[in-house]
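Novice: Starting from the known structure of chain A, fit chain B onto it as the hints suggest.
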Amino acid sequence: AQKVTQVQTEISVVEKEDVTLDCVYETRDTTYYLFWYKQPPSGELVFLIRRNSFDEQNEISGRYSWNFQKSTSSFNFTITASQVVDSAVYFCALSEAEETSGSRLTFGEGTQLTVNP
Amino acid sequence: DVKVTQSSRYLVKRTGEKVFLECVQDMDHENMFWYRQDPGLGLRLIYFSYDVKMKEKGDIPEGYSVSREKKERFSLILESASTNQTSMYLCASSTLGKMETQYFGPGTRLLVL
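As they're listed, the protein sequences go chains A and B. Sequential numbering of the first sequence, starting at 1, is according to this note's numbering. Sequential numbering of the second sequence, starting at 1, is according to this note's numbering.
Isolated chain A, as found in the complex (with noise of 0.2 Å):
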């Protein structure tokens, strides 16, 4: 079965650090898309990215980045000179193409990062 771990429970960081957020996964298909969502303190989970298996290629939106690496099953997630805006928790979460119906979702627990002043 699928699963996804997020390495950190908590990171606490003072504003314009750098800080990376690991994701490591577990499937057995080889086509599948994995997510970063951001919770900030509202509630409400904002997508952020979806990697296709296939597409190992780094991504950079701004201050944030995405290493994937397939050979190590990790979906790393960097925010560059944070801020504290980007107070919030994280997810990552992986889908598969083998579900018989719909999009499931398998997410990890989540990673609290705190920027402060």
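To be clear, the hints were calculated from the coordinates, so they are not data collected in a lab. Hints are supplied without guarantee of correctness; some may be wrong.
Claimed, not checked - Residues from chain B that face chain A, not an exhaustive set, calculated with beta carbons under 7 Å:
#, residue
1, Gly-40
2, Thr-101
3, Pro-106
For each residue, glycine too, the CB sits at the ideal point set by N, CA and C.
Specialist: Positioned in the frame of chain A, the structure of chain B alone reads:
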């Protein structure tokens, strides 16, 4: 923009009450999902639906049922609420497909006394 709304942000109920949580999406999505979120456990899938009147059990369906009479609306029902159902409930929707992005509502924090 995708919009998923949930009927209540906060709800307080008593043990044994029947509880309805409503979710509505405005993007004509085929798939809809109900999750519960608990500290240290991440999000766990309760039920999902890929079409009107269709439903499938997720990982933790016990104590819950669902209803999908219209495409845009997906209801989660707690037939007889218990204290261990105190949690954050999140609804999501996506287009039809096995690996489509799910878009989430704001969540309902349910407290069962």
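Novice: Each hint should be assessed against the structure and marked as holding or not.
Specialist: Consistency of the hints with the structure:
The beta carbon of Gly-40 of chain B comes within 6 Å of a beta carbon in chain A, closer than 7 Å, and the hint placing it at the interface holds. Among the interface hints, the one on Thr-101 of chain B holds; its C-beta lies about 5 Å from the nearest C-beta in chain A, closer than the 7 Å criterion. Contact between Pro-106 of chain B and chain A, as hinted, is supported at the beta carbon level, the nearest pair being about 4 Å apart and thus within 7 Å.
In terms of the numbered hints stated before, the structure departs from none.
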